[in-house]
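All chains should be built: construct the whole structure from the sequences, respecting the hints.
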Amino acid sequence: MTNDDEKSKVSLAATLIADHAIRTVIRAESERLAEVEKDEALHNRSTAPSWRIVERRLQALRKTGKIRATTRGWVLAEPSRAE
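The opening position of the sequence shown corresponds to residue 9 in our numbering, with each subsequent residue numbered one higher.
Hints listed in this document are in silico derivations from the structure and should not be mistaken for laboratory results.
One or more hints might be untrue.
Under the rule of at most 27 angstroms between Cα atoms (straight-line distance), these lysine-lysine pairs were calculated in the BS3-like manner [unchecked claim]: (1) K15 x K74; (2) K71 x K46; (3) K74 x K17.
If you want it as C-alpha cells, here you go:
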C-alpha cells in the first residue's frame with residue numbers, strides 16, 4: 009500500500025466520522041427544538057406545528073450554505089459552497 013493510499017483511507021475515515029457526528033448533532037438539535045415547540049403548543053404559547061421550527065432552522069442553514077439537501081437527507085456543504 010502506498011503512502012497516498014493510506015492518506016486517502018485516513019481522509020475518508022475522518023470524513024465519515026465527521027459526517028456521522030454532524031448528523032448526530034443535527035438530529036439531537038432537531039429533537040430538542042421539536043420538544044420545545046411541543047411543550048409550547050401544549051401550554052398554548054405557540055401555534056406553529058412542531059416540525060415547522062425544525063424546518064425553519066434547516067432552511068436557514070441551507071440558505072447560508074452550511075448544509076444542503078440530497079437524496080440521503082441533509083448533509084454538510086462542502087467548504088467551497090459554504091463561503
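Are the Cα atoms of K71 and K46 separated by 27 angstroms or less? Holds, at about 25 angstroms.
K74 and K17: Cα distance at most 27 angstroms? Distance of about 25 angstroms is within 27 angstroms: holds.
Quick one, are K15 and K74 close enough, alpha carbons at most 27 angstroms? Distance ~26 angstroms between K15 and K74 Cα, so the pair holds.
Going through the hint list in order, the structure satisfies each hint without exception.
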